[in-house]
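Protein chains in written order, with UniProt numbering: chain G, 1 to 326; chain P, 1 to 326.
FYI, nobody ran anything at the bench for these hints, they're computed from the structure.
Some clues are possibly wrong.
Identical copies carry no separate label here, and so any pair may be met within one copy or between two of them.
[As the list claims (entries may be wrong)] No farther apart than 20 Å at their CA atoms in a straight line, the calculated lysine to any residue pairs in the SDA-like style are these:
1. K264 - Q301
2. K82 - E321
3. K264 - P224
2 protein chains.
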Amino acid sequence: MTGIRRSRDVPELVTRAREGDPRAVARLVSLVEDGDEVLPQVAAALAPFAGDAHVIGLTGSPGVGKSTTTNELVRIFRKQQKRVGVLAVDPSSPFTGGAILGDRVRMQDHATDPGVYIRSMSSRGHLGGLSAATPQAVRVLDGAGCDPVVVETVGVGQAEVEIAGLADTTLVLLAPGMGDSIQAAKAGVLEIADIFVVNKADRDGADATYRDIQGMIGLGERAPGQWRPKVLRAVAARAEGVEEIVAAITEHREHLQDTGELRKRRERRAAAEIEAIALGTLRARMEALRDGAVLADLARQVADGDLDPHTAAGELVTMTEAPNGR
Amino acid sequence: MTGIRRSRDVPELVTRAREGDPRAVARLVSLVEDGDEVLPQVAAALAPFAGDAHVIGLTGSPGVGKSTTTNELVRIFRKQQKRVGVLAVDPSSPFTGGAILGDRVRMQDHATDPGVYIRSMSSRGHLGGLSAATPQAVRVLDGAGCDPVVVETVGVGQAEVEIAGLADTTLVLLAPGMGDSIQAAKAGVLEIADIFVVNKADRDGADATYRDIQGMIGLGERAPGQWRPKVLRAVAARAEGVEEIVAAITEHREHLQDTGELRKRRERRAAAEIEAIALGTLRARMEALRDGAVLADLARQVADGDLDPHTAAGELVTMTEAPNGR
Chain G
1 MTGIRRSRDV PELVTRAREG DPRAVARLVS LVEDGDEVLP QVAAALAPFA GDAHVIGLTG
61 SPGVGKSTTT NELVRIFRKQ QKRVGVLAVD PSSPFTGGAI LGDRVRMQDH ATDPGVYIRS
121 MSSRGHLGGL SAATPQAVRV LDGAGCDPVV VETVGVGQAE VEIAGLADTT LVLLAPGMGD
181 SIQAAKAGVL EIADIFVVNK ADRDGADATY RDIQGMIGLG ERAPGQWRPK VLRAVAARAE
241 GVEEIVAAIT EHREHLQDTG ELRKRRERRA AAEIEAIALG TLRARMEALR DGAVLADLAR
301 QVADGDLDPH TAAGELVTMT EAPNGR
Chain P
1 MTGIRRSRDV PELVTRAREG DPRAVARLVS LVEDGDEVLP QVAAALAPFA GDAHVIGLTG
61 SPGVGKSTTT NELVRIFRKQ QKRVGVLAVD PSSPFTGGAI LGDRVRMQDH ATDPGVYIRS
121 MSSRGHLGGL SAATPQAVRV LDGAGCDPVV VETVGVGQAE VEIAGLADTT LVLLAPGMGD
181 SIQAAKAGVL EIADIFVVNK ADRDGADATY RDIQGMIGLG ERAPGQWRPK VLRAVAARAE
241 GVEEIVAAIT EHREHLQDTG ELRKRRERRA AAEIEAIALG TLRARMEALR DGAVLADLAR
301 QVADGDLDPH TAAGELVTMT EAPNGR
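Hey, can you work out the whole structure from these sequences and the hints?
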């Protein structure tokens with residue numbers, strides 16, 4: 001992979017991505033994932049074209065059938081002649097930059113379809129996790145003409161919440177008998193899900209899970225006109241109930257448009273993205289101060305108990321603002 | 001909860017916490033969790049006393065028996081006359097500030113033991129998740145004389161990695177037949193675990209899980225003298241294999257001390273904590289610029305496609321550094 005490290009190559013790369021060249025899309029996502037120095041140019045070149053795609057977040061615990069469900073959703077979107085982007089974000093692989101279940105084995109049904117772009121990403125322990133690289137990767141797929149863009153991530157944890165900040169429509173997948181009811185009971189999941197899918201609905205306990213979720217949604221307070229989360233049943237492995245999921249996604253998007261909430265969500269998303277990039281810049285500056293010696297010195301003093309971390313942080317902020325000792 | 005909002009009350013509060021007053025400890029943890037403005041005073045008052053506790057991270061998927069195992073570990077540490085702190089961090093509850101399974105139902109065995117301080121925390125969607133509030137809460141328990149401090153968190157995701165950054169010794173719990181092998185296979189978990197515990201080892205598939213983990217550890221490269229992760233079996237619900245976990249924790253701590261790695265980990269931890277606080281300060285400044293109007297304006301332009309997020313972030317950083325238009 002050489003030859004596209006220079007900023008003057010970026011506009012051509014974006015043009016090729018917009019024409020549907022999967023290698024150009026792949027290269028752009030890699031630049032985002034690597035935090036390449038040409039990222040500002042990439043972002044600038046994409047800005048006029050990005051921002052229209054419907055971003056669908058899909059999350060759930062390991063084993064609930066996320067990949068299978070995504071695969072089925074893609075199939076239906078393709079029948080609707082849509083160009084689909086899929087980002088499978090794996091926040092548990094911060095070190096190696098990739099999941100063992102990589103691109104090749106995921107969603108093989110669509111591996112050769114030029115109308116589908118599938119990519120696995122790791123969040124690589126970035127501060128802010130998903131919030132740093134994923135929105136920019138979504139922007140690449142969006143700018144390349146993918147609509148919808150599906151962002152799939154393993155649930156439980158911070159990632160789940162971040163996906164909701166990123167998505168227009170958030171799907172939370174559950175499966176019977178996996179302790180998901182208790183997990184879902186935690187307010188976080190209830191507040192992020194626009195659509196619940198009880199997958200593997202042919203298994204024992206599916207009705208109980210369905211009722212649990214319905215019950216909890218019933219308890220929540222909702223302003224007039226506010227979206228009431230839908231609860232659906234599916235057996236994605238047999239393609240059952242998947243058309244209904246797509247219908248619910250469409251209905252939710254129309255609701256967002258009609259109420260002006262879509263615009264609000266996108267502004268919130270943009271604000272979070274701007275902030276994440278700004279903090280990344282500042283963080284890099286902190287770590288670069290005297291080639292890292294400033295932070296290391298402060299850390300040593302804190303570890304010794306000679307300095308508290310707040311005072312140390314204050315010194316670090318001051319030095320970041322005046323890196324040349326102004 | 002009134003009367004301790006003023007910074008002049010902080011030293012007294014720290015004194016009371018060090019004397020073992022659980023209400024003082026609780027109040028300090030609340031101040032940390034709320035990001036109270038007296039936090040710098042709290043940190044300064046704790047600095048001379050904190051830094052000695054052995055911090056044990058315990059993570060794993062929902063249902064592997066984390067609370068039960070923590071409960072058993074606490075029982076053994078208490079037999080050893082140790083004062084124990086437990087922080088149960090729930091990163092899936094960012095909105096409400098608390099899990100449904102709160103302090104009261106967790107680890108009831110020790111609810112009335114004054115030598116055990118147990119607290120649930122949510123990470124509340126803080127940027128950086130655990131990295132912002134949890135280290136400061138650990139510092140409170142440490143400063144209050146708890147040693148060890150056990151930090152328990154739901155696995156899979158960013159939280160898992162962050163716990164490793166926070167802990168001296170990281171335990172990863174697995175259970176047979178939960179798809180954990182595949183999860184564990186992801187490099188992230190392998191690299192963070194100092195000790196693997198196959199819990200529910202009386203169940204079918206325990207041997208396979210045990211062998212899978214052993215096999216994967218065998219594949220990893222290790223420098224001479226580097227710790228080889230231990231793999232243990234336990235049935236925490238019947239208190240089986242738990243003494244062995246404590247012995248392995250002790251052995252790991254001795255290894256860290258002998259090799260100088262303990263000091264390195266603590267400096268790394270301090271660096272991460274300093275950086276998280278510094279970034280929190282800068283973030284608050286960004287959000288406060290013209291009462292939030294600056295970020296909102298930039299977000300609107302990005303949502304419109306008139307500006308790209310990198311350029312917007314650059315403007316935000318510049319304005320944060322010169323908030324008065326210098």
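Hints and how they fare:
no.	hint	verdict
1	K264 - Q301	between (45 Å within a copy, 13 Å between copies)
2	K82 - E321	neither (47 Å within a copy, 44 Å between copies)
3	K264 - P224	within (17 Å within a copy, 55 Å between copies)
When each numbered hint is compared with the structure, a violation occurs for hint 2 only.
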